[in-house]
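2 protein chains.
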Amino acid sequence: MMRNQKFMPAIKHLLVISIAINAGLVLKLLHDNNGHEWATNGMNEVRVAKDVFHGVQNLSRATDQYINLDHGDPTMYEVYWKQMGDRTTLVLSGWQSISYFSDTKNHCWFLEPSFANAVTRLHNLVGNAQTRSYHIVVGTGSTQLFQAALYALCPSNAPEPMSIVSAAPFYSSYPLIIDCLKSGLYKWKGDASKFNKGEPYIELVTSPNNPDGSIRQAVVNGSGGILVHDLAYYWPQYTPISFQADHDIMLFTVSKSTGHAGIRIGWALVKDKEVAKKMTKFIEISSIGVSKDSQLRAAKILDVIADTYEHTEKFDKVKPFFHYGNNEMARRWKQLRSAVNKGQTFSLPDFPVEKCNFSGQRFGTQPAFAWLKCEKAVNDCESFLRKHKILTRSGTQFGSSKRYVRISLISHKEEYDEFIQRLSLLSSMDTP
Amino acid sequence: MMRNQKFMPAIKHLLVISIAINAGLVLKLLHDNNGHEWATNGMNEVRVAKDVFHGVQNLSRATDQYINLDHGDPTMYEVYWKQMGDRTTLVLSGWQSISYFSDTKNHCWFLEPSFANAVTRLHNLVGNAQTRSYHIVVGTGSTQLFQAALYALCPSNAPEPMSIVSAAPFYSSYPLIIDCLKSGLYKWKGDASKFNKGEPYIELVTSPNNPDGSIRQAVVNGSGGILVHDLAYYWPQYTPISFQADHDIMLFTVSKSTGHAGIRIGWALVKDKEVAKKMTKFIEISSIGVSKDSQLRAAKILDVIADTYEHTEKFDKVKPFFHYGNNEMARRWKQLRSAVNKGQTFSLPDFPVEKCNFSGQRFGTQPAFAWLKCEKAVNDCESFLRKHKILTRSGTQFGSSKRYVRISLISHKEEYDEFIQRLSLLSSMDTP
Numbered sequence: 001m002m003r004n005q006k007f008m009p010a011i012k013h014l015l016v017i018s019i020a021i022n023a024g025l026v027l028k029l030l031h032d033n034n035g036h037e038w039a040t041n042g043m044n045e046v047r048v049a050k051d052v053f054h055g056v057q058n059l060s061r062a063t064d065q066y067i068n069l070d071h072g073d074p075t076m077y078e079v080y081w082k083q084m085g086d087r088t089t090l091v092l093s094g095w096q097s098i099s100y101f102s103d104t105k106n107h108c109w110f111l112e113p114s115f116a117n118a119v120t121r122l123h124n125l126v127g128n129a130q131t132r133s134y135h136i137v138v139g140t141g142s143t144q145l146f147q148a149a150l151y152a153l154c155p156s157n158a159p160e161p162m163s164i165v166s167a168a169p170f171y172s173s174y175p176l177i178i179d180c181l182k183s184g185l186y187k188w189k190g191d192a193s194k195f196n197k198g199e200p201y202i203e204l205v206t207s208p209n210n211p212d213g214s215i216r217q218a219v220v221n222g223s224g225g226i227l228v229h230d231l232a233y234y235w236p237q238y239t240p241i242s243f244q245a246d247h248d249i250m251l252f253t254v255s256k257s258t259g260h261a262g263i264r265i266g267w268a269l270v271k272d273k274e275v276a277k278k279m280t281k282f283i284e285i286s287s288i289g290v291s292k293d294s295q296l297r298a299a300k301i302l303d304v305i306a307d308t309y310e311h312t313e314k315f316d317k318v319k320p321f322f323h324y325g326n327n328e329m330a331r332r333w334k335q336l337r338s339a340v341n342k343g344q345t346f347s348l349p350d351f352p353v354e355k356c357n358f359s360g361q362r363f364g365t366q367p368a369f370a371w372l373k374c375e376k377a378v379n380d381c382e383s384f385l386r387k388h389k390i391l392t393r394s395g396t397q398f399g400s401s402k403r404y405v406r407i408s409l410i411s412h413k414e415e416y417d418e419f420i421q422r423l424s425l426l427s428s429m430d431t432p
Numbered sequence: 001m002m003r004n005q006k007f008m009p010a011i012k013h014l015l016v017i018s019i020a021i022n023a024g025l026v027l028k029l030l031h032d033n034n035g036h037e038w039a040t041n042g043m044n045e046v047r048v049a050k051d052v053f054h055g056v057q058n059l060s061r062a063t064d065q066y067i068n069l070d071h072g073d074p075t076m077y078e079v080y081w082k083q084m085g086d087r088t089t090l091v092l093s094g095w096q097s098i099s100y101f102s103d104t105k106n107h108c109w110f111l112e113p114s115f116a117n118a119v120t121r122l123h124n125l126v127g128n129a130q131t132r133s134y135h136i137v138v139g140t141g142s143t144q145l146f147q148a149a150l151y152a153l154c155p156s157n158a159p160e161p162m163s164i165v166s167a168a169p170f171y172s173s174y175p176l177i178i179d180c181l182k183s184g185l186y187k188w189k190g191d192a193s194k195f196n197k198g199e200p201y202i203e204l205v206t207s208p209n210n211p212d213g214s215i216r217q218a219v220v221n222g223s224g225g226i227l228v229h230d231l232a233y234y235w236p237q238y239t240p241i242s243f244q245a246d247h248d249i250m251l252f253t254v255s256k257s258t259g260h261a262g263i264r265i266g267w268a269l270v271k272d273k274e275v276a277k278k279m280t281k282f283i284e285i286s287s288i289g290v291s292k293d294s295q296l297r298a299a300k301i302l303d304v305i306a307d308t309y310e311h312t313e314k315f316d317k318v319k320p321f322f323h324y325g326n327n328e329m330a331r332r333w334k335q336l337r338s339a340v341n342k343g344q345t346f347s348l349p350d351f352p353v354e355k356c357n358f359s360g361q362r363f364g365t366q367p368a369f370a371w372l373k374c375e376k377a378v379n380d381c382e383s384f385l386r387k388h389k390i391l392t393r394s395g396t397q398f399g400s401s402k403r404y405v406r407i408s409l410i411s412h413k414e415e416y417d418e419f420i421q422r423l424s425l426l427s428s429m430d431t432p
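In order, the protein sequence lines correspond to chains A and B. Counting along the first sequence from 1, when you hit position 204 you're at 204 in the working numbering, and nothing is skipped either side. Counting along the second sequence from 1, when you hit position 414 you're at 414 in the working numbering, and nothing is skipped either side.
I should point out that these hints are in silico values taken from the structure, not numbers from a laboratory. For each residue, glycine too, the CB sits at the ideal point set by N, CA and C. Check the hints yourself; a few may be wrong.
Derived DEER-like restraints, expressed as beta-carbon distance ranges [stated by the list, open to error]:
1) Lys319(B) to Asn157(A): 49 to 55 Å
2) Phe243(A) to Ser193(B): 56 to 62 Å
3) Asp248(A) to Glu310(B): 53 to 59 Å
4) Tyr309(B) to Lys105(A): 39 to 45 Å
5) Glu199(A) to Val219(B): 52 to 58 Å
6) Lys105(A) to Ala330(B): 31 to 37 Å
Here are the simulated DSBU-like pairs of lysine-lysine, each with C-alpha atoms no more than 30 Å apart in a straight line [stated by the list, open to error]:
7) Lys278(B) to Lys387(A)
8) Lys82(B) to Lys300(A)
9) Lys187(B) to Lys277(B)
10) Lys389(A) to Lys373(B)
11) Lys82(A) to Lys182(A)
12) Lys402(A) to Lys197(A)
13) Lys187(B) to Lys278(A)
14) Lys273(A) to Lys300(A)
15) Lys277(A) to Lys187(B)
16) Lys277(B) to Lys187(A)
17) Lys300(A) to Lys300(B)
18) Lys373(B) to Lys334(B)
19) Lys389(A) to Lys402(A)
Start from the sequences, fold in the hints, and give me the full structure.
Below you can see the structure in the form of C-alpha cells.
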C-alpha cells in the first residue's frame, strides 16, 4: 500500500513517466482484483481475469488485465488518510459496543452522540446543509436510509403502492433496491420526467447527480409529491457549495464524503420529527440499529477533517481534506478531458463554473463519475470499452442509452492513470 | 462503568448485602435508562421515567424506578470483557475500511477473511455447528441475514407470496420484519403448528427458542417446506451442546454469543452455494455490504474467546469465556427459581438435563430469557409486573397468551439483582 505514498510528491512527473515504468505498479494493483470471474448485479461489479497473475513485470500482461471502473469504490482517498498517520487512529476496547443502545434520550436511540456532533460540526464548517432544527438518523450507509425514508413516507394502508420516480439518468441501484422485495408500499416508476400522474409520488433528487454530475432540482412538480434529496456528492471536492441545502430529507454518506466506503455509515438530516421517528423504526426492524464501532470511527474521521480547517497548526504537512480532494478531482478531470479531446470518439458533459462559498474558489462540478458518451459508429459504449479491457457501467442501467457509460474517477491513482493511458490511445485512434 | 468490576470478586456476598447498600448502584443504573418516555414496536422497548433523576441515594426513589427487562440487551457480559483489559482492544488506522471490498475471491465479497477464520475456529472449538463445506455470509446482525435468507429462498416470480411460519411462542420480531414492507415475495402466516397447507412454505426454527428456551425441531413436516434455523442461543453458556448442527441455513450473532450487541454482526452458515450467493446479493442491494470495522472487532473477540481455551496460559486470572457465561447464567437461574418458588403467583418452564459435549458437564438449558407464567387470578402478566415497575414483553407478542411474559436475564448484574428482589417480594406476597 506504500506505493501510493511513494508517488505522492511527484504527481506531475508521473504523467510523463513512460508506461513501462508504471507497469509493475499497475500489475500489482490489477493483481489485487484478480483470481476468478465474478459479477454482481446490484453494484454490477465485474472483475475478470483469465489466469492468476504471477508477478511478471511484463507490459503486454499489464494491458491484458481489466481495469474495473464500474463501481464507485473511493480508493483514491487511501493515500490521504495514510498521510494522516495516527491522527485518525481509533482504539476500541473489548467491552465497548456491548449494549444495543447509544443514546436512550434520543428518538434515534442507536445514534452515537459523538457521531451526531461530528456531523453537525462538519456541515456547519462546510455550509452545505442546514442542521439547525433537523433530526439526525444514522444508517448502514445511505442505502439503508433511503429505504428507511421510503418506509417512513409511504402510508401502510394505501390501496396502491406509492410511485417512486427519479429523472433519468438516475442512480442504477434505485430500481433494484425499490423493487427487490416487491413491496406493497412502493413501486419504482422510472424516469421522473415522464411521470405526470395526479396520484401521490416520491421523487428522488440526487444532486450532484449520479451518474452525470448535473446539479438537480425536482422535475415532476405534482401536487402530491414528496421529495427525498440524495446529497452524497454535495461536498466541496466535487462541486461548488453554492447554497446551504435545507430540504425535508437529505441523505449523506461517509463513502463519498471522506472516502470510507467500508465503514458503511450514512446519515439523514430530517426536518419532520415524526418522519425521523419512522425512519428510526425501519432501521430498528431491519437491523436493530447501526454498528457503534463504525459510528465511532466515522465520528473521529469527520472531526479530524474539521480539525484540518479549525486547527491547522496540527497539520503542517497535510493539506486540509477538501482542498486535497478538490485538487485531486481537478487533476483527474483535466487528464480525462485531455484524453477525450484527442479525437472525436468520446464526449463529456460540461459544467457551469460557480463560486464555492466554502473555499471561495470558482470552479465547475468535477464529479466522482464521468458520464462518457461514445460518438459516431460506437453504439454500445460499455461493450466497446470492455473490448479494450476497461469495465464501466452501461447507460442502460441508468435509464439512458447504451451510447453512455458511467466511469468511476475515484479509484487508486495507478489504476486511474492506466485508464487514462488506454482512453487516450482509443481516443487518438479515432476508432472504429 | 467501573461499578461492575468493583463487585466482581464478591458475587456471593453481594447477594446478602441489604437493598439499602445496593440502592446507589441501582439508581445509577436506572438513571442511564432515564430521561423521557419512549416506546418502539419492533423491539418493544419501553422506558418510562416521570422525572429526571438527580442522584439522590434514596431507597424509595430506587424502587420507584422502572427496571427494563423487555429487550435482550446483553449488558451482563460487560464485566467479563472489562476483566480482559487490553487483550481484546482493537486499533483501527484512518486509512482502513476505504474500499467496499473485503475479499474479491469470495462470493461474499464483503466478508473479512479474518472474521471468516474466527467463525470457523470458534465453531470447531465449541462443536455446535458444522462448518466444513459451508459458505459463510456475514450480515448486519442476524436480523439482516434472516431477511437475506427469505429473499434467497422465495422465488421472485411466484403467483403468491411464500408462507413463513414458526411454532408459537415465536420470536416477536419475526412478524414485524416479514410484513413491514408488505413484500410480494413472502408473508407471515403465524404459528407453524396450525399451518398445514400443501403449498410451499418456510419454517423458522429457533433453538434454543426465543422466548421460551425450548430445544426445537421443525413441526410442519410438509413436503414443500424449507427450514431456516436461528441458532443465536446455541452456545454453551445457555444450553448443553448435545450435537453438531448441520442444517441447510444456520444463523448466529455476536449479540448473544459474545454479548456485543452494539457491533451488529451476525453470520450465516449456508450449505448451498447458490443460496449463499443470493443472500450475499440481498445484503449488497440493501446495504452494499457490512461494516468492516465491526467484522474486524468481532474477529478479534471470537479469537480471544478461542484463546481462552487454546492458550489458557495467557489468561491465568480470567475464566474461559463460556465457562464464565455458563456459571453466570446458572447463578441467575438459581436466583430466579428461588424467587418464583417463594409462592404460587408465578411459574417457569423446566428443562431436561443433558450432557454438554463441549464442557463435559451435565445441565439443563438456562436460557437468556425467562418465559414466566402468571398463575391464579393474574390474567395479564405484563400489566401486573408493569404495575410493580418491572417492564417485560407480553406473551401476546410471541403468539401466546397474556398470562406469559418474556424477561431478559442478561442485563447488568445490579439491575438483575434488583429485579430478583422485587419478584421475590411479589412471589412471597402471593398477590393478588
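Hints, one by one, checked against the model:
no. : hint                               : in the structure
1   : Lys319(B) to Asn157(A): 49 to 55 Å : holds, 53 Å
2   : Phe243(A) to Ser193(B): 56 to 62 Å : holds, 60 Å
3   : Asp248(A) to Glu310(B): 53 to 59 Å : holds, 55 Å
4   : Tyr309(B) to Lys105(A): 39 to 45 Å : holds, 40 Å
5   : Glu199(A) to Val219(B): 52 to 58 Å : violated, 44 Å
6   : Lys105(A) to Ala330(B): 31 to 37 Å : holds, 35 Å
7   : Lys278(B) to Lys387(A)             : holds, 29 Å
8   : Lys82(B) to Lys300(A)              : holds, 23 Å
9   : Lys187(B) to Lys277(B)             : holds, 23 Å
10  : Lys389(A) to Lys373(B)             : violated, 67 Å
11  : Lys82(A) to Lys182(A)              : violated, 43 Å
12  : Lys402(A) to Lys197(A)             : holds, 28 Å
13  : Lys187(B) to Lys278(A)             : holds, 22 Å
14  : Lys273(A) to Lys300(A)             : holds, 27 Å
15  : Lys277(A) to Lys187(B)             : holds, 25 Å
16  : Lys277(B) to Lys187(A)             : holds, 25 Å
17  : Lys300(A) to Lys300(B)             : holds, 21 Å
18  : Lys373(B) to Lys334(B)             : holds, 17 Å
19  : Lys389(A) to Lys402(A)             : holds, 17 Å
Checked against the numbered hints given earlier, this structure breaks hints 5, 10 and 11; the rest are met.
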